[in-house]
Structure formats: structure tokens, C-alpha cells
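*Asks:* Here are the chains, one letter per residue:
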Amino acid sequence: MNLMMLLEMATDGFGDRVAVQNGSDRFTYAELFAAAGAAADIVAVSGAARLAVLDVNSLAVPLGLFTAAWAGIPFVPLNYRLTGAELDALLGSIAPAYLVTDAERAGTLAGAVQTVVAREAFLQNGRAAKTRAPEWSMDADAIAILLFTSGTTGAPKAAVLRQKHLVSYIFGSVEFGGAAEEDAALVSVPPYHIAGMAAILSSVYSGRRVVQLTSFDAETWVTTARAERVTHAFVVPTMLTRIVDVLVRDGVTLPHLRALSYGGGKMPQPVIERAMALMPETAFTNAYGLTETSSTITVLGPDDHRAAAASDDAGVRRRIVSVGRALPSIELEVRDEEGRVCTVGVSGEIHVRGEQVSGEYLGLASRLTSDGWFPTRDAGALDPEGYLFLEGRIDDVIVRGGENLSPGEIEEVLLAHPSVADCAVVGVADVQWGEAVAAVVVLHVGRAAEPDELREWVKARLRSSRAPGHVEFREELPYNETGKLLRRKLRDELARRA
Amino acid sequence: MAQLKAGARLKSAVCATEVIVIAAPAAGADVQCGGAAMLAAGEQAPAGAALDEAAAAGTTLGKRYVSPAGDLELLCTKPGKGSLAVGGTPLVLKEAKPLPSSD
Numbered sequence: 001m002n003l004m005m006l007l008e009m010a011t012d013g014f015g016d017r018v019a020v021q022n023g024s025d026r027f028t029y030a031e032l033f034a035a036a037g038a039a040a041d042i043v044a045v046s047g048a049a050r051l052a053v054l055d056v057n058s059l060a061v062p063l064g065l066f067t068a069a070w071a072g073i074p075f076v077p078l079n080y081r082l083t084g085a086e087l088d089a090l091l092g093s094i095a096p097a098y099l100v101t102d103a104e105r106a107g108t109l110a111g112a113v114q115t116v117v118a119r120e121a122f123l124q125n126g127r128a129a130k131t132r133a134p135e136w137s138m139d140a141d142a143i144a145i146l147l148f149t150s151g152t153t154g155a156p157k158a159a160v161l162r163q164k165h166l167v168s169y170i171f172g173s174v175e176f177g178g179a180a181e182e183d184a185a186l187v188s189v190p191p192y193h194i195a196g197m198a199a200i201l202s203s204v205y206s207g208r209r210v211v212q213l214t215s216f217d218a219e220t221w222v223t224t225a226r227a228e229r230v231t232h233a234f235v236v237p238t239m240l241t242r243i244v245d246v247l248v249r250d251g252v253t254l255p256h257l258r259a260l261s262y263g264g265g266k267m268p269q270p271v272i273e274r275a276m277a278l279m280p281e282t283a284f285t286n287a288y289g290l291t292e293t294s295s296t297i298t299v300l301g302p303d304d305h306r307a308a309a310a311s312d313d314a315g316v317r318r319r320i321v322s323v324g325r326a327l328p329s330i331e332l333e334v335r336d337e338e339g340r341v342c343t344v345g346v347s348g349e350i351h352v353r354g355e356q357v358s359g360e361y362l363g364l365a366s367r368l369t370s371d372g373w374f375p376t377r378d379a380g381a382l383d384p385e386g387y388l389f390l391e392g393r394i395d396d397v398i399v400r401g402g403e404n405l406s407p408g409e410i411e412e413v414l415l416a417h418p419s420v421a422d423c424a425v426v427g428v429a430d431v432q433w434g435e436a437v438a439a440v441v442v443l444h445v446g447r448a449a450e451p452d453e454l455r456e457w458v459k460a461r462l463r464s465s466r467a468p469g470h471v472e473f474r475e476e477l478p479y480n481e482t483g484k485l486l487r488r489k490l491r492d493e494l495a496r497r498a
Numbered sequence: 001m002a003q004l005k006a007g008a009r010l011k012s013a014v015c016a017t018e019v020i021v022i023a024a025p026a027a028g029a030d031v032q033c034g035g036a037a038m039l040a041a042g043e044q045a046p047a048g049a050a051l052d053e054a055a056a057a058g059t060t061l062g063k064r065y066v067s068p069a070g071d072l073e074l075l076c077t078k079p080g081k082g083s084l085a086v087g088g089t090p091l092v093l094k095e096a097k098p099l100p101s102s103d
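Just so you know, the protein sequences line up as chains B and L, in that order. With the numbering used here, letter number 329 in the first sequence gets 329, and the count goes up by one each step, no holes. With the numbering used here, letter number 71 in the second sequence gets 71, and the count goes up by one each step, no holes.
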């Protein structure tokens, strides 16, 4: 298996359609295919062991992805915000590499890896299509993508996604040619995020035109969605919050947007409810997945959203904050610390198994069990119908006096308080209890709440051990650029001050 | 019977059809296209192999085909004139319930 199969099928099936566009610059499927063949030849001749792209969303990203697959070397999308020593360390770890970057960096990074090429030259060489590399390898175990994880929990590690994982994910979740000719997907997540990679692959296989946003900005997102008649988009929760603000402020609508999917972090219930009310014609999908699982493993689909919003049953209504059910191609279990499968409603660690699951990091032993299960390190619980409720990372669990407390459960209760706009619950060292519960709270503008009031609010809804001993108010919480809460940063800050 | 593994590729001996195995029975399966046994990558078609007009309904790019028992599933990666069968029994087009687009 090879990702090039997807592009070859798209080229055979609808080669004249626009595959990807960035401003006025574009590739049809047939052009992208030809350019990948030509670029693969150049990259192979260079002798590089990896093809890296250090860039915002540009045409060099899909071209780089397919060129690497054709040449049989890993594709490495790098975070364009990295600089200095951090970037040098990553580049050192992937050399000898063929690095594509913007013109300015191409000058400063010359010599950092084996070959450094400016984006425009890379695209031009592909477009000239003077030669074509020999047929690609169908080695299913070859590495397709090395993705450095966001590092909210420590030093960056490179997740290994092999050809078989990504091709299986697409075959298992996308209908070939399923998109209508006019369909267009707006891609604003950065290329070094698994959702950015998955968006390219899903769109290519379904025949949906990718409209790239160089980097996310809510005003540009809304303007582009309207101008390009965008029908599909994926956003992380912080993006949706800002998009909704722009729609309300400017009084505009998105008449062509049929499907909006979201994931990559916890979606606050008020935000999704506001978005659904504002866009009644749009179908919402919540997707949960990890880099190590080649993107999506569970979905809360449009019908689930509508059913939850319309139901009088509290159990069904609550599903609006679930991540839905496992894909048909994924097995999912919640297990306790002894490895036993938890009964319905009981929290434990989420385990998944399936062809798309990698669970592997470069240079480290596979995290898969001998029978192929991947322990995600995410905590969660299933309801009777198989809807999954996430409760944060296992490593974030607070152990207070021997009792395991889930930050997610406490955060959900705090967020339901009318004055609370956002919050994060973390553990802080405590002489008496080992760890104590600390809540960092952002209040709605013009609303007030006292620490004692919030403690009582939690106590009345959960056991008293869950009530935060420490409550701190802030203007905002620290998120990374793809919407992940930087819990470790908060924990470190609170620990330093204690 | 020939052993088949998910991810394996087969090509027709008598037309342009190529498929990839999505699911296969543990016991293996003898897959035909256009009336002739399908070939693994690198295998040559036997001399004189020809399309059986009784098995020439054709294959469609990107469509999935399943055995009546549901234990064999093939995805067409290149279309051709022959139609697919397992042990002489025609495969049927699988109507997949589309999943919501999640990325």
C-alpha cells in the first residue's frame, strides 16, 4: 500500500478537478500527480532520507506529502513557528533530509540539512515535470509520515505513521469520489497537525477541492469560506469560538457550509450550542483521534448532535459533550488499572485497535500490546449506547488522599456555572493529601464569582473531595496554536508560586 | 485455496481490473475476474486467457465488492471489463453507508 494509490485513483477518476488551491495558485489532481512524479525523481537523486516541509499551509504541503510517498521516504511536516535551538535539534534529528521552506528561511537554513529548497523552486520543478521517478514501492510498512507531537506533555517525539495506517484509515472512512464537483474543504489547521494531513488525504480520495488558509485567522476564514463557497471545514475548538464571534459581530452567514467538523481539544458546550443555533443548516461532527491513530477514531455525527439538542432525556442531551462512537473499523474498550474492561459509566483508560492505529514513536518500542491494542493514555467512560465521554489525559489525573479525581469531570461542572467562561483543573502538591485540586477560572465579561461560591457549586454536584481547595481567576488560559490547553504550563506556574 | 491478506493487491488476467483486498476469510479464497483466476503482483497471465462474456459486467473505480457471505471484500483501484467472483460466485457491489466527514 502507498498513499500514491489514493492520488492515482483520484487522477484516474477525476483528474481535471482542482485538488488544492491557495489564493489563485492551484493544482488539479492530474497536475499534482505529475508534479509528485517529477519532484520524487529530484528528491531520489539528492539521496535524502526524509522530505521535510517547514512552511505555512501552501501547495508545497500536499506536493511534499505525495512526493515523499512516491520516492519512498518519510514526509516530515515541521512546525513553522519553531526557531533557534528547538528547530536546529529537530533538523539534526531528520538529516540527511530534503527540506522545503519559504524563501527567507531557505537562505538562513542552507547547510542545516542535506538539501534546502525554497517553496517556489520546489513547486516549479514539480510543474516543469521534465522527468518522472520510477514506480513507487508498495511496501505497506514503509513510513509515510513522521509527525512531531505537540509536546504539551514533554519533549517532542516523532509519531511514526506507516503507509498501511494512513491508507487503511482512508479506505475505512472515506467513500471514493463521494464529493460533488462543487464541494470544497477549507483547511486552516497547520500542516504539522494530524488533522492537516488527514484533511488532504480525505479530500483527495473523496474528490473534494482543498482550499488552503495560509494560517488561521477568524476574519480571513469567514471571508474565504464565503468567497470560495466552502462546503466542508474542520476546526479546533478555539477556532470555532472566534469564528462564531466574527459571524455574530459582522452579522454574516455561511450559506454554502454544509458540514463543519471539530476536534483536537475539549469543545465547551456553550460554544457548540451557540454555533448550532447560529448555523441551523450546517451538519456538525465531533471527531476524536490522536496522531498515533492516524486521526479520527470516534465520531459524534450530525444526527447525534440534532438528537442531543432535541431530547428531553438528560442522558441523550449530555451526548452533545461526548465524542460519539467508534468508527466501524475501530475496536474501542475502556479498561481499569488492572487491564479489565470497565462496565458502562465507569472511567478508565481508552484502548483502541484497528488497521489505522500505529502507536509507535521513532526510536522507541511500540506502545501496542502483543494483541494489537493501543493504550491511548486518555481517560474516558462509555454510556450504554457506546458514546464515549473524554475525561482528559491519564497523566493529568489528580491523586488526592489515594482517591483518583478526573480534572475533566470537575471542569465540566465548573463550566456549567453561569459566570464561568473557561476553566482548567490541575493537581498541585499538598502536604496533607499528596495532591490538592486547583482550579484556574476565566469569568465571562461582566460576571463575578467568589472562590467559595465555586467550591460550593462543585460540592453540591460532586463529592466534596472534588471541590477545588485553590481557585485562581485569570483573563485567559494558555492554549497552544492548535487549541490544546497547556496543562503542564499551568501546573508548573502554580507549583512555582506555592 | 489461495491465502489472502488484507492489503494484498490482485490484478485481472483478462482485463485492466486491479483490486486491493480489504477483508478476506481466514481460510483463503480463490478470486476470479472476467472468469479467470486473478493474479498476484508480478504473476503472468496464462497463455490464451480470455474474458468470459458471461463474467463481463465490468468493475468501477473506487467501488467495493463483497462476497454473499460478507467475508471477502475487495476495493477496485483500476476498473476493467471483467466482473469479480469468488469460487465462481459473483461478488456484489457494497453500498456503504457514508460516514460523516470528520476531517
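Be aware that a few hints might be false.
Straight-line C-alpha distance at most 35 Å; calculated DSBU-like pairs for lysine-lysine [to be verified]: (1) 130/B - 63/L; (2) 94/L - 5/L; (3) 63/L - 97/L; (4) 81/L - 94/L; (5) 81/L - 130/B; (6) 97/L - 5/L; (7) 130/B - 11/L; (8) 11/L - 81/L; (9) 484/B - 97/L; (10) 81/L - 97/L; (11) 489/B - 157/B; (12) 81/L - 5/L; (13) 5/L - 157/B; (14) 78/L - 130/B.
Here are the simulated distance ranges between beta carbons [to be verified]: (15) 344/B - 5/L: 32 to 42 Å; (16) 41/L - 255/B: 29 to 39 Å; (17) 306/B - 2/L: 30 to 40 Å.
Hint data in this document are derived by calculation from the structure and do not stem from the laboratory. Glycine included, every Cβ here is placed at the ideal spot set by N, Cα and C.
*Asks:* Indicate, hint by hint, whether the structure satisfies it.
*Replies:* Consistency of the hints with the structure:
This hinted pair checks out: residue 130/B and residue 63/L have alpha carbons roughly 33 Å apart, not beyond 35 Å. Proximity of residue 94/L to residue 5/L is assessed by CA-CA distance (about 19 Å); at most 35 Å being required, the pair is judged to hold. With a C-alpha separation of about 13 Å, the suggested pair residue 63/L and residue 97/L falls inside the 35 Å cut-off, and the hint holds. This hinted pair checks out: residue 81/L and residue 94/L have alpha carbons roughly 18 Å apart, not beyond 35 Å.
Of the pairs offered as hints, the one joining residue 81/L and residue 130/B holds, with about 33 Å between alpha carbons and a cut-off of 35 Å not exceeded. Taken as a hint, the residue 97/L and residue 5/L pair is honoured in the structure, with Cα atoms around 24 Å apart against an allowance of 35 Å. Our distance criterion of 35 Å between C-alpha atoms is met by residue 130/B and residue 11/L, whose separation comes to about 30 Å. The straight-line distance between the Cα atoms of residue 11/L and residue 81/L is roughly 12 Å, inside the 35 Å bound, and the hint therefore holds.
Taking the CA atoms of residue 484/B and residue 97/L, the gap is about 32 Å. The hint holds against a cut of 35 Å. Of the supplied pair hints, the one linking residue 81/L and residue 97/L holds, its CA atoms being roughly 26 Å apart against a limit of 35 Å. A distance of roughly 18 Å separates the Cα atoms of residue 489/B and residue 157/B; the hinted pair therefore holds under the 35 Å criterion. Proximity of residue 81/L to residue 5/L is assessed by CA-CA distance (about 25 Å); at most 35 Å being required, the pair is judged to hold.
Taking the CA atoms of residue 5/L and residue 157/B, the gap is near 32 Å; set against the 35 Å cutoff, the hint holds. Under the criterion of a C-alpha separation no larger than 35 Å, the hint pairing residue 78/L with residue 130/B is consistent with the structure, at around 26 Å. For the hinted restraint 32 to 42 Å between residue 344/B and residue 5/L, the CB-CB distance of approximately 35 Å keeps it satisfied. The hinted range of 29 to 39 Å is not satisfied by residue 41/L and residue 255/B, whose Cβ atoms lie roughly 48 Å apart.
For residue 306/B paired with residue 2/L, a C-beta distance near 47 Å fails the hint of 30 to 40 Å.
Comparing the model with each earlier hint shows violations of hints 16 and 17; every other hint is respected.
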